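Q: In case you want the letters, here they are:
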Amino acid sequence: MKAGIVVFPGTNRERDMAHALKLITGHAPRMIWHHETSLGDLDLVVLPGGFSFGDYLRSGAMAAHSPIMAEIRRFAEKGGHILGVCNGFQVLTESHLLPGALLRNAGLRFLSQDCHLKVENATTPYTRGWKSGDVFRAPLAHGDGNYTASPETLQRLEGEGRVAFRYSTASGHVSHDDRHANPNGSALSIAGILSENGRVCGLMPHPENLVDPEIGATDGVPLFKGLVEALVA
Amino acid sequence: MKIRVYVSLKEGVLDPQGKAIGHALNSLGFQGLGEVRVNRVVDLDVPADDSSAAIAKGEAMARALLANEVIEDYSVEVVA
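In order, the protein sequences belong to chains A and B. Position one of the first sequence corresponds to residue 1 (the working numbering), numbered consecutively onward. Position one of the second sequence corresponds to residue 1001 (the working numbering), numbered consecutively onward.
Hints are computed from structural coordinates only; laboratory data are not their basis. This one's a predicted model, so the numbers in the text were calculated from it and none came from an experiment. Glycine included, each C-beta is placed from N, C-alpha and C at the ideal position. Careful: at least some of the hints might be erroneous.
Said to hold, decoys possible - The following label-pair restraints were derived from C-beta to C-beta distances:
# : chain 1 : residue 1 : chain 2 : residue 2 : range
1 : A       : W33       : B       : A1060     : 25 to 31 Å
2 : A       : G133      : B       : V1038     : 37 to 43 Å
3 : A       : A70       : B       : A1053     : 25 to 31 Å
4 : A       : Y56       : B       : H1023     : 37 to 43 Å
Use the sequences and the hints to build the structure in full.
A: Structure below.
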C-alpha cells in the first residue's frame, strides 16, 4: 500500500503514523510537506495529529487552506482514500471534506488519556478489520474533539451508516452524557465519521499509537490491516 | 478602511467556555446571569473606497476563513 502523510507546520504525530504504517504495511510512507502541490501515485493519504499552525483561529482552519489541500480535494473527488486523525480530522471538517465541526471539549480541559471506541459500521475500508460492535482501546489527546453537526447532518450520518466509531465504555456501553463513556461530550458519542462515498474517514483518537507490542497492546492494528486488504487487493 | 468582523457561535451550539465563565461570575457574586457566550472580534484594515465595498470584503473573508459557517455566524461593520 502506497501511503503518504501530510505534514503541516505544527504537525507532531506524523512519525507515530509512519511507524504504524511501516510496521503493518511493510512500506514506509512518503512524507508530504504542506507546500507541495502534488501527491504522486498514492493509495492512501493521511492527515496526522498535532497542532497545525498553532491551531490559530480554529483547530485545522489554517491548514485547510495550505497549498497541498487543493490536490487533496482533487484526490478525494477522484475517489481517493483519506484518513484524518485528531488534528487531521479537524482539517478535514474545516476543508468540508467531512461534515460537522469539532468544538472545545465539553469539560474545557485538554484530554490526554485512553478511551474505548465501538465499531459501528464494519463494512468500510477503515473498519473491515473489526466486526460491528467490537470495542477497542485507543489513546486520545486533544482540546477540541467535541463533535457537532446540525440535527439534519447527524440524522444523515446515522441513517447512511457513516458513523464509523463511537466513544464507549470498555464493555461497549454508549452513554452520551457520561464523561467516562464519552470523554469530550461529542454529539451522539461520535468519535469518527465517513464521507458519503465511505473513502474519507476522520476520527479524534489515535489508533496508530497502539499497534506495536512493545507499547503493550495492538488494539489499533485492524485499522491498518483492513486498509491494506481493501486498498491493495 | 477599518472594519470589524464579529464571529459568534450559532444559536443552539453549546459554548462550554461561556458556560464556565458564567459559573465563575456566579461564584464571584454576580447572580441571576442568563446565558454567557464568548465571541471573537477580528479588526482588519482593508483596501476599499467605500463602506459597502469594505463590508463586502469583510463578508467574503468571513466566509473564506474567519468563520466556520457550520458552527458560527458572522457580521461585519465599518469602524473608521
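Q: All hints, please: hold or fail.
A: Consistency of the hints with the structure:
1. One distance hint, 25 to 31 Å for the beta-carbon pair A/W33 and B/A1060, holds here, with the actual separation near 29 Å.
2. Here the CB-CB span from A/G133 to B/V1038 is close to 39 Å, well matched to the stated 37 to 43 Å.
3. Distance hint check: the CB atoms of A/A70 and B/A1053 are about 28 Å apart, consistent with the given range 25 to 31 Å.
4. Between A/Y56 and B/H1023 the CB atoms are about 27 Å apart, so this pair departs from the stated range of 37 to 43 Å.
Comparing the model with each earlier hint shows a violation of hint 4 alone; every other hint is respected.
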